[in-house]
Structure formats: structure tokens, C-alpha cells
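So the protein lines, in turn, are chains A, B and C. End of the first sequence = 1162 in my numbering, gap-free, step of one. End of the second sequence = 651 in my numbering, gap-free, step of one. End of the third sequence = 311 in my numbering, gap-free, step of one.
Honestly, the hints are just simulated from the structure, not real lab data. You can take every hint at face value.
Residues on chain C that point at chain B, a partial pick, calculated with CB under 8 Å:
no.	residue
1	P94
2	E112
3	A113
4	N120
5	L277
6	V278
7	A282
8	T292
Values in this document were obtained by computation on a predicted structure and should not be read as measured data. The beta carbon of each residue, even a glycine, is placed where N, CA and C say it ideally should be.
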Amino acid sequence: MILEIQNVSRRFGGLLALDKVSFTVKENEILGLIGPNGAGKTTLFNAVNGVFPPTEGRVIFRGADMTGKPPFALAQMGMSRTHQIVRPLNELTVRENVTVGACFGREKHGLDAASKIADEVLEFVGLKDRAEMLAAKLNVAQKKRLELARALAQKPILILLDEVLAGLNEQEVAGMVAVIRKVRGQGVTIMMIEHLMHAVMNLSDRVVVLDYGAKIAEGTPAEVSANERVIEAYLGDPKVAQRFLEGG
Amino acid sequence: MNFEVLIASSIDGLTLGFVFGLMAMGLTLIFGVMKVINLGHGPFIVMGMFAVLVLSQNLGINPYVALPIVIVLGLVTGIVTYFVAVHRVINAPELTTLLATFSVNMMLIGALTILFTTSPRGLSLELPSFRAGTITVLGTRVVAVLIASLVTGALYAFLYRTHTGKSIRAVANNRAAAELMGINSSWILALSFGIGTVLAMVAGSLLATLFGFTVLSGGGLETKSFVIVVLGGLGNPTGALLGGIIIGLLESITTIFMPVSYVPVFEFVVFILILLFRPNGILGAR
Amino acid sequence: MKVLTSPSLWIVLLVVLAVALIPMIANLPALREELFVLLMLIILASSVNIIMGYTGYVSFGHIVFFGIGGYTGFFLVQTLQMHVALAALIGGGVASLIAFLMGMPVLRLRGAYFALATIGINEAFRTLVTNIDQLGGAVGMLLQFSVYDAYGGAKEASQLAYYGIILVALLTITASFMIKKSKFGLALMAIREDQDTAMVLGIDPARAKVMTYAISAFFPALAGALFFFKNGNIEPGPAFELHRSIEALVMVMLGGFGTVTGPIIGAFVYERLRGFLITDPTFSNAHLVISGALLLIIVLFVTAGVIGWLRQQSPVLRRYLE
Ligand SMILES: Nc1ncnc2c1ncn2[C@@H]1O[C@H](COP(=O)(O)OP(=O)(O)OP(=O)(O)O)[C@@H](O)[C@H]1O
Ligand SMILES: [Mg+2]
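Construct all of the structure, not just a fragment, from the sequences and the given hints.
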């Protein structure tokens, strides 16, 4: 068991964004996390990696209780993540952005080794020719790849991907899906939030569904797409339901 | 300890505190609306002092009658300053606006020094004093409090009762949303900068009726404004007024208990502690 | 260390050293006085740049460390007849320690709140020193002339101080370069760009910031100790002069925020310009107005500063100009 999420709740003032969520992530699996907009998926990532500590419940990562530990502690233990809304370090070059990940992530490399890793990772995600550019100058699709590259350079055990496919065209989605498969091939465990149903259903070994902050279903993609509560949750949002039915 | 001394000091502090509050409101209003710490605040205060000086000594206008002219002058100065020095960098990191307003500070102090040199000045103003027993309150102080209250009242009426005032508050609250509602934020920001300048200049004029001054008096008053503004919560005009009164009282009353020279140490330590532990000021929530 | 052999560093060090030695070789005492101030400003601006340019924390009242170093050094030299070099080092240590202790709470503040807090710290120290009789209170202290005898006389003492300030300037530049080129510096720049993201990437910002603050307090304190030793007197006003602090920020902006050479060029240009404006009969009255206008133009239109602008012009410059 890489990650155990036990009864995690998170409150923002009067809003209960996460409501006693529990599940586990197993070694080297791809776990899909889905749910309608505002369901609390990103908040769960934030609670897990320490950005907004849970108001209740525990987060056990690699056997250690990491509840409420700061994000850098989790990063150093091998949990990395991407952001749904990209957060490049604007005035640093693309290579420097990725080097930061390699320097301060799990393996804590020195500067030279780290920038070598950065080059490898940039090649892997297809940003090699942008290495010298300022991160601010990338377009959105490239910034998404930069997020992934930075997270990979941390040499994570578990990587949390928050909608890395959103906003990409069909060809770019295919490319990214291939990249995610390769990452898993390298032995990394993946938990991914995704709205793009056909992709997430194809990639995931298991899927967890959140709605209004609570877990409403968990199982294989086939089980989940047949689950009535899941369909109902998505029917509240017709557009997504449409996509869901088409894709699933 | 002498009770009457305490009363007299309190009255002194209270009256001065009102003027300090008015002065700090200028700074806090600008910060509240556009998140700019105006380092030109000190020279604006000094401009108010010299404006009444020139109007009363050279043109023979009574200092209090001159105030409306000071107000107009302040509004124009502030709006021009905004468009020249601040508008272009309004969304830049704070260092940029700090330096932009500091450049205004340099230019104004430079210009004022050329015009007036740095020698000490004062207004000669004769007003009857008020007496009760051994306690005397100077007439100039009473008038200063009245005018400070009047200006404060007018500011609140403007901010809460008029359409433009409401727009200012909307921009302060959320500029992007205000723009979506059709508010021309550039104009509102410029106007707010103008009003902040007016407050600084009127406070300067009132201070000139109370004390002697020089072109360089602004520096100390500017740091005092920082302390007051932080005490009341950055961006909170009511807090600034309260902060001004607290500082005014503090400066007059603590001198009974501790040497005058320790008062500023005390003030700045409190200032740092408030920033650390109550960054929204004594009124604000944590 | 590989960074220490970088030509980008050596060229800068050699140029500064060569210029600094001119008055000693050509025996020009007046020029030496001017260069003393210039080197001091280079130290101050470079130090401010470490915390502000690399880390993104606008330390407005950074001059406080100059004052702390100045007073500590002066006190030790005066009362314990300590050698000025040792006294300066202790002054640096005291300043770093104070920065470390105050930095822990103060560096949690962001943006304008941090800037204001540093102003408060400087004013608190200034007004506090004014009240301490052992440090001469408001009038300050005057060095007994006999103190200089230990150095072979006043002239020799002031020469020694000059060599000292050259050394400190070279050290500051080297430290600035090494930090910029190190893993530690990368962490600082990540914090500057986005502290929350830096944390997600594994950086502990609180530790990095407080260390940086302590480092950036060290060099101005050494400069302060040497400056007031050379002057033979110290007063609260000049030691904790907020205006000087702001000028240091201006120099950093002028030369180029976050670059190594920027603060050096900035200090040089600013000081030369001011010297020119003050001495030139047509401008001397208006020197503040003109400097202010120039500053405004730079802030509004050349936000990257001289070095930043040059670096934007070509990849070659970007590579060798730090
Ligand atoms: N920092 C915060 N402060 C207050 N409320 C927040 C905060 N972060 C999230 N929320 C609220 O928590 C709820 C869940 O948000 P979250 O971003 O986790 O949803 P999501 O499932 O990721 O949605 P989406 O698919 O749109 O990304 C929302 O109602 C959101 O407004
Ligand atoms: Mg989300």
C-alpha cells in the first residue's frame, strides 16, 4: 500500500469540501479520480500532499503518518504532483524549472546531476527544444507538460496528476496518454484526476468517484460506469453525463 | 501623579490624534484601493504645510479659509501623480510601485527644497484658548479637531452615499469584478489617489497651524503614518482614525511615565508586533 | 568549487579590484574617499539583492544591519581596544544572529507587509540606540584619537579600513555569485517565483529564507564597522538612515534585479550621477528632482535594469553576464 486515505475531511469555512473520504492506492497502479466540477478532487490532492491539511482524518504515505506535514516533506518522501491550473516558475527557464524538481525531490541531486535529469525528462515529455526558454513564454499545452516534467524529475514513488489532459487537442491527448503509460512502466504509482472519460477509463486500473466531497463509488472502470449513483451524479451535469456515456 | 496633568495630556493627545488619523487615512485609503504603499505620502503632507504657508503669508488668506484651495490642489496633485507615476505599474510587484512613489518623493522634496529651502517655518496664528481650572486647550487645536472631523465625515458620506464613492469601494473590494460591472477602474484609481493626497495635504495644513515645520518634516510623519495605518489595519480608514487617536494619546500620556525618547521605540516595537500577530490591525479579525 | 573558476566571476572581481586600487597606486586620497563610499554601496546593494533579487523579499530597512555592525564594531574598538578586523567580524556575526532571530517571524510576512516590517525594525533600532547611553545616545560616539595609534596613526588606520572594504566588497560579490549559481540559489529563485509551488517541489522555504536573510545581513555589517571606524565617529542618524536603504534598492533596480553585476553597475551609475549632479552648478539645486525623474523613467520603462536589459539582448550575453 503506497497511500492510505483514512476518513479525510476538509472544511473551508461553512463548506465541507471533503467528507470522510477513505480509500487506498496500491503499488504501481493507475487510480482514476473522477467526479463532477467542484466535487472536491483537487481539494483531496491538496489534503494529501499537505497544501491544505485535512481538518479530520489521516493520510498514510509509504507507511508513515504524514497528516498535516508540509508539502515539502511529502515531496521529499516521493510524492509529486501537477497543478490543474499550471504554476510555472515564470522567470526561470524551462530547464531550471525541472531542475528544481530533481534537486529537491526524493533523490535530492546536486545541481549538475539534476540538470542532466532535467534534460532527460524534458526529452521524455517532448519539451527538449524549449529548455532554454523562460517558462512564462510557453503556451498552455507546453506548460502542462512542464508541470509533468517537473513532477517526474522529482523521481516520485507516487505522482498525483490533476487534469493533465484538459485543454489538449486529440493528438496531444494521445501523446500524453502514451507518456502516462510509460511513466507507469517505470514503476511509478499514479493517481489521476480526469474529466476526459474515455482516457481515464482506458488508463485506470481502478476508479474512485467523488461527489459533493464524499466518495460515492470505487471499483474497476466497468463497475464504476455501471454504478447508478455515479450516473445520477453526472446526470446533474448533462454535458459531462453526455461525455461520460459516450466515453464509458 | 497629578490628575490634571493626565487630563491635559489626554486632551492634547486626543486632539493631535484626530489630525494624525486624518493624515494616516490618506495612506490607508490608497493602499486599500490599489495595494500601493505611497512613499510620496510624506512630501504630500509637507505640500499641505507649505500650501497654507504661501496662501496665508504671501496672499493674506486666512489659513482655514485657504483649506478648500488646498483640497483642490491636493486632488489635482494626486490625480496627476497617479497617471504619471503609478498607472503604468499598477499591476506590477510591490517593489515597483514602492520605487515609483519613492521617485515622486525625491522629485517633490527636491522641488520644495528649491522653492523654500530647508529652513524652519511656522504660521503665526492667534486664536483664543479655552480654560477650565488649570487646564488650557489652545484654540488652534480645537479648530484642527473640528476640521479633521468634518473632513472625515465628508469622506465617509462620499464613500458610502455617492455613486462614485460606492464605485471606489467596489474597486477596492475586487477590481476585476468592478470592471466587469462597467466601472472605469483607471479613473476610480486616479480619483482615490487624489483623495488620499487631499487627506495628506489637509492633515499637513492642520499640523502647520499647530507646530513649526520644514521641507523635511515629512519623513518622520510618513513613518508615523505607517505605524498608525498598521495599527488600524492596512486599508482600513476607520482603523486609521482610531490608530491615529491611539498614537496621539500614547505620545502624550506615556511621556508622563517614560522618557519621551523611549516613546518611538515603544511605537515601533508595537508596530512590528502588530504586523506579526494581528496583520489586519487591532480592529480586524486575525 | 567549480563556480569559483568561472570567468564571469573573475572578470568582475578583477575590474572592481583594479578600480579600487587606482587611488592607492596613484596616491589620490580624495578619490579613495569616494571609492570607499562606492564600495560600501556595492556591498549594500549586492546584499540587498541577495534577499530581494534572488528571494523576492523587499528588505526596505536593510540599512539596519549596517548600523548594527557599525555600532558593534565601534563599541568593541573603542572600549575593548579590539582590533578593527575582529570587531568587524563580531559585528557581522551579531547582525547575522539578529537577522536570523528576527527573520524567523518576519519572513512569514509577504509583500508589502514584509517591507513595512523591515522599516519598523530599522526605526526601532535607531530609536533604541538613541536611548542607550553606553552607545553615546542621540549624539553618538567619538573615537579617541589614541585608538588609531595601534594601527600606526590615523592615516594608516584609514588605509587599513580601505583595504578592508575592498576585501569585503570582493567577498560580497563572490558570495552573491556563488549563491546565484548554487542549488541553494535555485531554491531561492523558486521561492521568489512562487513560494507555494516551491514547497510542492520539495523546498523548505522558511529555512532557506532565514539563512539568506542572515547572509545578507553579514556583509553590510562589516561595511558599517569599517566605515565608522574610518570616520572616527558614529551617530544613530547616519547609521540607520532609511533613505540610504531605499537608495540601495534603487541601485539594484537600476543595474538589474537578481543579477550579480547589476547591483555593482547600479551603485556605480547612481553614485557617479549623484556626484555629477551635486557638483555641477547648473544641476546642483535640482539634483533630487533629476535623480527622481530618472528613477521613475527606469521603473516605468526599463524594468529589467541595465544588466537585465543587456541579458535580454543576446544569448551570448546571457551566458557570460551574470
Ligand atoms: N482554498 C479554498 N477556499 C475555499 N473554498 C475552496 C478552496 N479550494 C476549493 N474550495 C471549494 O471546495 C470545493 C471543491 O473544489 P475542488 O477544486 O476540490 O473541486 P474539483 O473537484 O477539483 O473541481 P474541478 O473539476 O472543477 O476542478 C469547491 O466548492 C471549491 O469552491
Ligand atoms: Mg480540480
